[in-house]
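Chains as they are written, first to last, in this note's numbering: chain A, 69 to 427; chain B, 69 to 427; chain C, 69 to 427; chain D, 69 to 427.
Worth double-checking, as some hints may not be accurate.
Same chains, same names: a pair is fine if it fits in one copy or spans any two.
[To be verified] Quick list of in silico lysine to any residue cross-link-like pairs, SDA-like style, CA-CA up to 25 Å:
#1 269 x 290
#2 269 x 135
#3 269 x 284
#4 269 x 309
#5 269 x 331
#6 269 x 141
#7 269 x 389
#8 269 x 300
#9 269 x 314
I should point out that these hints are in silico values taken from the structure, not numbers from a laboratory.
Protein chains: 4
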Amino acid sequence: MTTQPAAVVDTPPVGTTMRALVKERAEPGAQIREVPVPEPGPGELLIRVEAASVCGTDVHIERWDPWAQENFGPPPMIFGHEMAGTVVARGPGATRVPVGETVAVETHFVDWTCYQCRTGRAHVCQNMRILGVHRPGSFAQFVAIPEVNAWVAEGLAPEIAALQEPLGNAVHAAFVEDVAGQTAVVTGCGPIGLMSIAVLKMAGARAVYATDLNEERLDLARQMGADLALDARDNVVERLRSETDGDGVDIVLEMSGSAAALHQGLAVVTNGGRVSLLGTHTAPATLDLSQEIIFRGVRLYGITGRRLWDTWYRTTALLEEGLDIAPIISHRLPLSEYEQAFDLVASGHAGKIVLLPQE
Amino acid sequence: MTTQPAAVVDTPPVGTTMRALVKERAEPGAQIREVPVPEPGPGELLIRVEAASVCGTDVHIERWDPWAQENFGPPPMIFGHEMAGTVVARGPGATRVPVGETVAVETHFVDWTCYQCRTGRAHVCQNMRILGVHRPGSFAQFVAIPEVNAWVAEGLAPEIAALQEPLGNAVHAAFVEDVAGQTAVVTGCGPIGLMSIAVLKMAGARAVYATDLNEERLDLARQMGADLALDARDNVVERLRSETDGDGVDIVLEMSGSAAALHQGLAVVTNGGRVSLLGTHTAPATLDLSQEIIFRGVRLYGITGRRLWDTWYRTTALLEEGLDIAPIISHRLPLSEYEQAFDLVASGHAGKIVLLPQE
Amino acid sequence: MTTQPAAVVDTPPVGTTMRALVKERAEPGAQIREVPVPEPGPGELLIRVEAASVCGTDVHIERWDPWAQENFGPPPMIFGHEMAGTVVARGPGATRVPVGETVAVETHFVDWTCYQCRTGRAHVCQNMRILGVHRPGSFAQFVAIPEVNAWVAEGLAPEIAALQEPLGNAVHAAFVEDVAGQTAVVTGCGPIGLMSIAVLKMAGARAVYATDLNEERLDLARQMGADLALDARDNVVERLRSETDGDGVDIVLEMSGSAAALHQGLAVVTNGGRVSLLGTHTAPATLDLSQEIIFRGVRLYGITGRRLWDTWYRTTALLEEGLDIAPIISHRLPLSEYEQAFDLVASGHAGKIVLLPQE
Amino acid sequence: MTTQPAAVVDTPPVGTTMRALVKERAEPGAQIREVPVPEPGPGELLIRVEAASVCGTDVHIERWDPWAQENFGPPPMIFGHEMAGTVVARGPGATRVPVGETVAVETHFVDWTCYQCRTGRAHVCQNMRILGVHRPGSFAQFVAIPEVNAWVAEGLAPEIAALQEPLGNAVHAAFVEDVAGQTAVVTGCGPIGLMSIAVLKMAGARAVYATDLNEERLDLARQMGADLALDARDNVVERLRSETDGDGVDIVLEMSGSAAALHQGLAVVTNGGRVSLLGTHTAPATLDLSQEIIFRGVRLYGITGRRLWDTWYRTTALLEEGLDIAPIISHRLPLSEYEQAFDLVASGHAGKIVLLPQE
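Turn these sequences into a full structure, and let the hints steer you where they fit.
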């Protein structure tokens with residue numbers, strides 16, 4: 069991976085204006101606008117955004133689907149959350165991260181005082197606020213964030229640093245139990261699924277299988293190290309049972325949000341195996357709990373966000389060891405070409421798209 | 069609990085006949101028949117059955133429901149599985165348990181050679197055989213079982229020893245993670261749910277809540293130690309959120325097999341909490357995986373059987389410490405009154421019923 | 069346990085003076101002095117100390133032993149750390165705990181930014197500061213502490229609230245793995261050892277054994293629920309092997325700081341069992357690592373402090389469930405009688421001593 | 069790795085004689101003798117030994133050191149235990165492994181009935197018997213073993229299959245907790261230490277450091293993938309603290325049996341980190357338990373043998389994934405050259421030595 073020297077910053081741009089992608093009204097669409105550069109509040113950092121990758125959530129917001137209607141805003145507000153950038157100014161009391169440092173951002177802002185935050189489970193804080201969903205986001209030249217959410221990404225290219233956020237989802241889902249010497253199947257080869265394949269391989273999984281409906285993604289799965297990538301419409305259960313001497317796979321990472329994929333995963337998981345659920349299910353799923361889960365002694369883990377900060381340490385470590393996630397980046401576009409970016413993501417024919425607000 | 073001196077046995081009854089409850093044909097019903105006393109094969113014990121409690125599964129077999137049609141037999145075969153008795157003879161190679169000993173029985177016969185059995189998960193053996201389902205069962209004066217499945221129950225009353233099998237289900241479900249200082253809700257107060265309440269209390273749970281639709285069972289729940297027992301049609305979620313300062317409960321033990329109960333459990337479990345699924349779901353359950361599980365970081369454990377033999381050690385330990393499960397026994401009947409027993413279980417107006425084959 | 073209504077506080081005592089026990093010079097001894105009431109800084113609370121119990125560490129400081137010489141101060145400084153009291157004023161930014169609330173205090177002040185603090189192990193923070201060791205302590209009428217270290221103890225008697233700190237040590241040591249249905253031996257029946265006996269019993273331990281050299285303490289051990297309390301000079305290993313059918317005990321809580329006790333613990337722990345090391349060893353211990361630990365597959369846990377905040381939640385839960393630690397309090401004395409208190413602790417003939425700074 | 073077709077065996081060699089290395093008397097030395105081929109008893113397999121690697125234990129037996137005097141025999145008896153070979157005959161009741169199959173051997177024969185064996189800890193069975201220590205071993209052309217101890221090693225070269233036994237030690241020590249994204253130091257680069265380096269790297273460790281006193285072994289450590297291999301007399305603690313930004317390493321695998329190495333390991337392990345103790349300590353070790361373990365919240369795991377059979381599954385998986393342990397084999401010698409083999413091992417100037425009984 070390439071590195072980029074941290075910028076030397078003399079004059080914070082407070083008081084000036086910047087380009088940003090704003091959801092202006094509670095309706096489909098978004099607009100590039102010139103807006104004031106935010107001022108970092110107490111304990112906050114002002115970040116110049118060097119790379120802001122596009123998540124499916126951003127498309128939901130732009131398209132203004134029911135989830136967005138219920139959760140976003142209120143408009144007008146800048147959206148976008150996966151990001152990395154350079155610290156250009158610090159608000160009062162922010163002293164840990166120096167100006168000029170490259171940082172990635174933990175996009176979930178937690179209250180640090182609820183039961184979950186006080187018992188090692190801040191990633192499911194009862195009062196979670198999300199960057200670009202509940203407060204102004206990263207599709208902009210600058211963004212202010214709490215310093216505690218800045219993860220130093222020294223030496224990482226900004227586009228890779230930005231991807232640590234979804235990579236962290238993959239790491240969280242994969243490492244909820246150990247994986248060395250175990251077989252695994254990843255159902256769903258979107259960006260997080262693809263990254264999880266590489267994570268599993270690097271952590272010593274015995275074999276990693278992947279399924280998807282999209283042949284381009286299956287090719288990427290093979291490129292990320294999958295030992296076998298199968299069209300989900302083929303005889304997946306029989307194939308994977310056969311690959312594992314009839315035992316089934318030890319680990320299922322459900323990354324598709326599809327009930328059909330989950331049923332396949334449950335059909336191939338070995339008795340007493342485990343399933344991480346990460347893909348967002350937009351429709352209810354109907355399960356035969358007795359046959360699919362109970363009588364087979366299966367464990368299911370609902371996975372959201374990243375463990376603070378265990379997941380970030382491990383994510384950084386894997387990148388240091390040489391984990392290469394660059395192949396999943398299919399496009400790098402200036403922020404102004406956001407419409408093309410969202411269309412590509414919606415089409416399913418893109419890997420990860422990185423928007424560049426400074427270009 | 070009372071104890072009963074182990075019988076002194078001089079002459080094994082091999083070659084004689086015994087009374088047994090036989091499912092004779094693939095249709096509803098069952099018959100008391102005089103059949104040969106089984107002969108213990110290599111590595112087997114012959115047990116005189118002192119107590120055989122009735123499980124819901126036995127009713128399914130007697131009524132010949134779809135599950136029974138698919139799994140039982142083939143007829144003619146004796147059924148029944150929860151049991152305790154006295155060792156009266158040993159087959160070749162059976163040397164661990166002496167004649168005269170009182171034993172309970174692990175009703176799941178595993179192959180000890182599959183992947184699961186060789187990795188500490190024999191309770192989900194790929195080639196499981198169940199007493200009274202796949203081979204002749206305990207509703208009889210004598211039964212032959214593999215010696216490895218005999219659990220010495222010295223000093224326990226046979227009816228309590230027999231209940232170690234379903235009690236083990238409760239212990240397994242409760243102890244899949246630790247419980248001390250945690251809040252818990254048991255959804256479904258059948259015998260296993262009721263026993264799990266007592267188990268949780270004895271293991272230092274902070275508070276144990278219980279739900280059911282049946283007021284008699286809720287009374288039993290209170291008797292077993294529930295801090296609060298609620299009609300599931302009442303405002304359970306609001307009540308339990310209120311009891312826990314809004315945090316929700318740490319542990320859900322789903323013992324009802326009802327999707328509605330599971331939804332309630334998922335609605336009250338704290339973010340990052342855990343759910344044990346044990347109740348058999350005869351109908352599919354439709355879940356909003358994203359909202360109920362994924363975004364809240366919940367863990368679900370499918371629970372079946374008992375861990376071999378960790379669960380049995382802990383079950384014995386709890387009984388030694390004074391765990392009192394006798395209150396859940398509502399009836400003790402001679403084997404010949406099996407019809408009344410099954411009707412009572414089916415009615416939902418009984419606790420646990422113990423059949424006595426020697427009377 | 070009795071409760072005490074939270075005080076209504078109108079005028080914070082800032083600017084006035086208070087009585088305090090001060091280690092004035094780097095030499096044995098301590099003095100009651102009239103000193104200024106501290107002013108709560110940013111994020112701090114000012115607490116009126118209602119109860120301050122005496123820890124062995126306090127005696128080390130007063131006696132000025134080598135540990136104190138290396139760690140304390142610098143003098144002049146108030147010492148004492150186990151405490152509970154009433155919030156009487158809040159510094160800027162302290163908003164979570166209301167004035168008038170009764171609180172206990174987590175006496176370890178951590179930096180929240182080191183590797184340990186950011187990975188769920190703040191109790192072993194690399195930059196730990198301890199109340200009454202590194203900054204002014206609780207043997208005073210008032211003390212200022214970071215609000216984040218205040219644990220609301222609503223409804224608890226101050227002397228019990230103060231004991232949550234050492235009780236938390238016991239809970240931490242006991243619950244490092246689960247205990248339900250397991251046998252345990254507590255080696256060393258000082259206050260923390262005694263509390264751990266009650267904790268183990270409440271959490272469903274199968275049997276709890278205790279050892280000490282002091283017959284008074286063994287009597288207290290029995291009172292706290294020990295199934296068997298043995299003079300460590302008696303045939304402990306043989307007795308406990310016999311009590312456990314030759315298997316040995318599952319759990320050892322080493323609370324004495326004595327190498328001899330640790331050897332006994334290692335001799336009675338079952339193969340594959342676990343040992344929590346909490347007692348402070350002032351002398352090196354010589355171990356046969358191969359025979360005592362390696363070939364027997366034993367796990368040792370070094371235990372210090374309390375997990376933040378999991379241990380505190382569990383400690384509070386146990387007290388709510390009825391855990392009774394009052395019997396270990398042997399003396400309640402005004403602060404001015406500190407010399408008697410320290411002499412009693414040093415003699416080994418006291419349980420826990422609570423100093424009352426307001427009397 | 070190369071593979072070797074399983075032999076076709078027509079006539080079991082029972083009744084004939086074979087060459088074997090026999091410890092004839094309770095004194096130093098050993099002799100090649102012609103002895104009867106053993107007959108496989110009930111449940112046993114007769115194995116033709118294709119490769120028998122030399123363990124330090126074998127040297128202890130040959131040299132007749134105090135450990136050997138206490139544990140071995142009684143003489144006369146064949147020794148040797150690390151091995152792989154071909155099944156040539158099966159005793160009554162042995163049916164799982166076919167004649168002609170290549171197998172490795174779990175050298176610890178457990179009783180399967182004690183508390184440990186019945187609770188997933190058979191590797192610390194109370195009645196362990198070891199191949200070549202308590203019953204005739206593998207330094208022979210043929211050996212009889214219980215079928216349950218045969219691990220199918222289809223497709224593995226016999227010398228690699230034989231090394232699965234010590235490799236399993238390394239896997240057990242490394243995987244007692246997960247390692248992905250963690251830093252580790254291996255203290256002691258004998259064969260097991262060297263293999264553990266490769267295991268850690270393959271399982272995604274962030275960085276693996278190694279120490280030894282022997283420069284040849286440090287070279288091998290680098291060859292096995294160590295990121296840094298240091299002479300233990302150099303400033304190891306400072307170097308590794310520096311490499312880890314002052315945090316220390318997450319994992320210590322103590323493979324040397326040296327107290328000095330353990331002290332170094334404890335000095336560099338991060339607060340709250342973990343240490344696996346595997347190297348056999350022949351002398352007592354003196355530890356400052358408070359400073360080295362307790363106040364730093366360190367966990368120590370005594371490691372012996374291999375978990376049955378989780379470790380074997382993972383060991384096989386790693387070999388399948390491409391783990392290459394061949395570089396640690398420094399010599400392949402006919403059985404008759406055993407004296408040279410033992411001298412080389414004793415000198416510390418050999419890697420692993422494989423004896424070939426059929427040559």
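Hint-by-hint comparison with the structure:
1. For a Cα distance limit of 25 Å, the shortest separation of residue 269 from residue 290 qualifies both inside one copy, at 12 Å, and across copies, at 22 Å.
2. In this assembly of identical chains, the alpha carbons of residue 269 and residue 135 never lie at most 25 Å apart, being 34 Å within a copy and 41 Å across copies at closest.
3. Within a single copy, residue 269 and residue 284 get their C-alpha atoms as close as 20 Å, which meets the 25 Å cut-off; across copies the closest is 31 Å, which misses it.
4. In this assembly of identical chains, the alpha carbons of residue 269 and residue 309 lie at most 25 Å apart only when taken from the same copy (20 Å versus 29 Å across copies).
5. Taking CA atoms no more than 25 Å apart as the test, residue 269 paired with residue 331 passes inside one copy only; the shortest distance there is 24 Å, against 34 Å between copies.
6. Taking CA atoms no more than 25 Å apart as the test, residue 269 paired with residue 141 passes in neither setting, with 39 Å inside one copy and 45 Å between copies.
7. In this homomeric assembly, residue 269 and residue 389 come within 25 Å of each other (Cα to Cα) both inside a single copy, at 12 Å, and across copies, at 10 Å.
8. Taking CA atoms no more than 25 Å apart as the test, residue 269 paired with residue 300 passes inside one copy only; the shortest distance there is 21 Å, against 33 Å between copies.
9. For the homomeric pair residue 269 and residue 314, the shortest alpha-carbon distance inside one copy (22 Å) is at most 25 Å, but the shortest distance between copies (29 Å) is not.
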